[in-house]
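Undergrad: Letter by letter, the chains look like this.
There are 2 protein chains.
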Amino acid sequence: MAGTPTTGDLLRVPAGVVDLSAVATDATPGFGHGKSAGRAALAELGEELADLQERLFAEGRSGGSRRVLLVLQGMDTSGKGGTLRRTVGLVDPQGVRITSFKAPTEEERAHDFLWRIERALPGAGYLGVFDRSHYEDVLIARVRGLAPAEELERRYDAIIDFERRLVESGTTLVKVMLHISADEQKERLLARLDDPAKHWKFNPGDIDERAHWPAYREAYEIALERTSTEAAPWYVVPADRKWYRDLAVGRLLLEALRGLDPQWPAADFDVTHERARLTGEEPVA
Amino acid sequence: MAGTPTTGDLLRVPAGVVDLSAVATDATPGFGHGKSAGRAALAELGEELADLQERLFAEGRSGGSRRVLLVLQGMDTSGKGGTLRRTVGLVDPQGVRITSFKAPTEEERAHDFLWRIERALPGAGYLGVFDRSHYEDVLIARVRGLAPAEELERRYDAIIDFERRLVESGTTLVKVMLHISADEQKERLLARLDDPAKHWKFNPGDIDERAHWPAYREAYEIALERTSTEAAPWYVVPADRKWYRDLAVGRLLLEALRGLDPQWPAADFDVTHERARLTGEEPVA
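Here the protein sequences line up with chains A and B, keeping their order. Each number in the numbering used here corresponds to the 1-based position in the first sequence with 45 added. Each number in the numbering used here corresponds to the 1-based position in the second sequence with 45 added.
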């Protein structure tokens, strides 16, 4: 698949200070072609993605415990839903578990912030997807002052421990920040206002949140700095161009699955014997 | 979409005695063309299906309470999973909730048989899919004697009441039996044995179950007779031909969604005002 971006082309968040303003939101790193070639590359990649996902699912049904969890974060309109539809939509929906996290309910707020996350984790063999995640608890929580400073500090550390446990117990984590510019967001919000079929996606509060854009950027930078680990790294995907965003996330999923290299489970029965039983049986009415 | 089967072409189970042996498993009622035309018709239908599903989802996010529940039943290898991948796979996975029901767990057995069903119902705006369902509790339960006769009787009536409540509270039920022949099942089991990539789907117990084929047919006939109601009718879909099976189920889903005729929700904000706020705002860093 020459010409598609590889994991190495995307910004794997390194140790140290993160400066999101230095990452172009409209770039297409690792892909020198345009939109139609990008869409074609994603479709091409889809076949291998679907095959690997089915193998992982088969493994999970045959005693395996490995699973994949895609964590999608990004500002409003950054395209979490669209990415999901176009990349995760390439594989069999039976092997997918999608959770969209909203503002926590009263019951959820009565527990630690990771309680509802734990309950939404994918089972063996599944591809789990979080549309927003436990990171909201150090993003909006920080920007809107929903938690005191020492609680935020506790959460970064708790996330690192939590994710290490997930990885050690068989989960491959793919953490993606969809990175758009404020200008691109404005265009997308205007597009929602101008299309009655998109009004349901618009919330006047989205405009109010824009006043906090620098604070959100800083909150993302801190979260990426604190929680991008060897076991569970963050990737920053330029997301102003939707086709590139989809292709990049598809590629990250593909490389995660390739890394697992799931194999069709061996038969736990005698194939010859079962074949003989079936061909030699009395006619079934 | 001339030439695709309509709901009227499929066997909507009527009141009275059901005789499954009189329903051809390899027929293609309502569709006079072959496989490639059938696959093309499904793809064509997919666009409208995806659009209507998104409208229903939007409605659910905007205060609506309607939802759709597809119940798939059928013998082993009848293609519940394949149907699901090819029809439900046509719509945005974010609006879908799939549940595959296995043998009940100890906790589930400690409750009434509808307890786990209730917990798996789709929320407002969702397309729920049951791969097997509460009907197992009157099918395998009857064939294998897992419940006494009076308990089975209670269950038929309980199902009717339960489904009536679902319908009255906004659920459109699409109940489908995938109807294959014993010979076709044999071919499919042999295909699973002959392909190492399909061994994980094979269970030696599936061959043992074949000895109970007539008992299963009778159990299906009784279940269809007892629980096909005006509010929640059963459809019998000839399923020996996979392409026809997929097309027919896709068509049933499409007609269910057309019947709901979901509309894009009206804006609950002043579009002109929000547009002015957005275009007139101070530049966002």
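No lab work stands behind these hints, which were simulated from the structure alone. Heads up, a few of these hints could be off.
[What the hints assert, rightly or not] Derived pair list, reagent style SDA-like, types lysine to any residue, alpha-carbon separation capped at 25 Å: (1) 80/B <-> 236/B; (2) 231/B <-> 217/B; (3) 246/A <-> 321/B; (4) 243/B <-> 144/B; (5) 246/A <-> 137/B; (6) 287/A <-> 320/A; (7) 243/A <-> 64/B; (8) 147/B <-> 227/A; (9) 246/B <-> 243/A; (10) 287/B <-> 88/A; (11) 287/A <-> 227/A; (12) 147/B <-> 90/B; (13) 243/B <-> 231/A; (14) 147/B <-> 246/A; (15) 243/A <-> 228/A; (16) 246/A <-> 107/B; (17) 231/A <-> 168/A; (18) 246/B <-> 311/A; (19) 80/B <-> 145/B; (20) 80/A <-> 147/A; (21) 147/B <-> 228/A; (22) 246/A <-> 243/B; (23) 147/A <-> 311/A; (24) 147/A <-> 266/A.
Undergrad: Of the hints stated earlier, which fail here?
TA: Hints 2, 6, 7, 8, 9, 12, 13, 14, 17, 19, 20, 21, 22 and 23 are the ones this structure does not satisfy, whereas the remaining hints hold.
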